[in-house]
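Chemist: Order-wise, the sequence lines are chains A and B.
Residue 1 is where the first sequence starts when you use our numbering, and the numbers rise one by one after that.
Residue 175 is where the second sequence starts when you use our numbering, and the numbers rise one by one after that.
Simulated from the structure, these hints should not be mistaken for laboratory data.
In this text the structure is predicted, and so the values were computed from the model without any measurement.
Treat each hint with caution, since some may be false.
Have a look at the derived ranges for each label pair, beta carbon to beta carbon [stated by the list, open to error]:
(1) 44/A with 329/B: 39 to 45 angstroms
(2) 179/B with 35/A: 23 to 29 angstroms
(3) 288/B with 43/A: 46 to 52 angstroms
Glycine included, each C-beta is placed from N, C-alpha and C at the ideal position.
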Amino acid sequence: MFSLLISLGCLFAAIVMHLFLCRFISHSSVRQASFFCFVGIFFFVYMGADSVYFRNMISSSLPSFSLWALRLFSSGAYLYFLCHVLYYLFFVTADVYSPTQRILNFLKEQDGLSYEELLSRTKQANFILPRIEDLQKRSWIFLEKDVCRTTPKGNLILHCLYWYQKLSGRPIGG
Amino acid sequence: MSVDSLIVNSAVVSFGFYLFLYFLFFRFASSKKIFPWLMGLLVAGGVFNAVTSFILLSRLPGGVWGIGEKILFVLVAEFLYGLAAVLFILCFCGPNETSVRIRLLYEIGKVSPQGITIHALLMRYSDQEILERRLERLLASGEVYQECGQYRIKPVFNFFSFRDLVASLINHYFK
Numbered sequence: 001m002f003s004l005l006i007s008l009g010c011l012f013a014a015i016v017m018h019l020f021l022c023r024f025i026s027h028s029s030v031r032q033a034s035f036f037c038f039v040g041i042f043f044f045v046y047m048g049a050d051s052v053y054f055r056n057m058i059s060s061s062l063p064s065f066s067l068w069a070l071r072l073f074s075s076g077a078y079l080y081f082l083c084h085v086l087y088y089l090f091f092v093t094a095d096v097y098s099p100t101q102r103i104l105n106f107l108k109e110q111d112g113l114s115y116e117e118l119l120s121r122t123k124q125a126n127f128i129l130p131r132i133e134d135l136q137k138r139s140w141i142f143l144e145k146d147v148c149r150t151t152p153k154g155n156l157i158l159h160c161l162y163w164y165q166k167l168s169g170r171p172i173g174g
Numbered sequence: 175m176s177v178d179s180l181i182v183n184s185a186v187v188s189f190g191f192y193l194f195l196y197f198l199f200f201r202f203a204s205s206k207k208i209f210p211w212l213m214g215l216l217v218a219g220g221v222f223n224a225v226t227s228f229i230l231l232s233r234l235p236g237g238v239w240g241i242g243e244k245i246l247f248v249l250v251a252e253f254l255y256g257l258a259a260v261l262f263i264l265c266f267c268g269p270n271e272t273s274v275r276i277r278l279l280y281e282i283g284k285v286s287p288q289g290i291t292i293h294a295l296l297m298r299y300s301d302q303e304i305l306e307r308r309l310e311r312l313l314a315s316g317e318v319y320q321e322c323g324q325y326r327i328k329p330v331f332n333f334f335s336f337r338d339l340v341a342s343l344i345n346h347y348f349k
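Build out the structure end to end from the sequences listed, making use of the hints.
Modeler: Below you can see the structure in the form of structure tokens.
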């Protein structure tokens, strides 16, 4: 339980640190800042504080490598990393990039919009072209003379998607 | 076995059970009813987790942990299981059902290796389809309603309202 409490404290510290950093960094660096804050806090604060607990409880009977492995896979570490990914996907990614959230924001800004007005705003928001650029940056596709093709990395993701669809029986959405 | 590893084991086994249910039954969910199906499967896994962790904790040597502490451990196991299941939904189910990037990659991959021009890609997947799919889902979930040809937000409190509340607090205090 001690390790869970430490992880919750570290999680809070990492989120506050990330949000504070977000004031000073560019929009494109928000994701990287999140990663550095969480990994930094984990190794310098969580592992340090957790070592007190492990040294007192079980360290005497275990070799140092097993101790490190045990600490990395303890419920506190598990909780910490799950919460980080959840924070990243739920707040950082969804709040900044999600088209559904943007459409809801259009409706929040002006109560009552017709389909045509929503479509016009969706076109202005330009959801597709920046994502094609992003796919290129991630090296999932490449553009040659205005023709898009998948890279080996993109093919690997498509392969995973194929198996996910085969297992779950779900068609692609979008 | 320590309580710590027992909690993690229970959460991991329950997550495996959730995946089994997901791959077996989620194929029958219509695209409009995705959220109720996901919640139903999540609750089924949660019930399994509560029963499993309570049985495992009951087998610990007697007298060490009281009933209140055992309930607390079950809640921690539930929390870990819930996080793993929500992460699975956000990392696998969500991108397959709603991601624009994944859909674009899929459309490009369909005509591999000859490739596709951006113009042809926009004919296959457009802003109109992005909007229509999302409006369909928002209408089905009850977050948005249509009145006299106008779309409006319906004030409902659900799982996403909590996210919106926290996001608005973050925006208020840190941006």
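Chemist: Does each hint fit the structure? Answer for all of them.
Modeler: Hint by hint, here is what the structure shows:
no.	hint	in the structure
1	44/A with 329/B: 39 to 45 angstroms	holds, 44 angstroms
2	179/B with 35/A: 23 to 29 angstroms	holds, 28 angstroms
3	288/B with 43/A: 46 to 52 angstroms	holds, 47 angstroms
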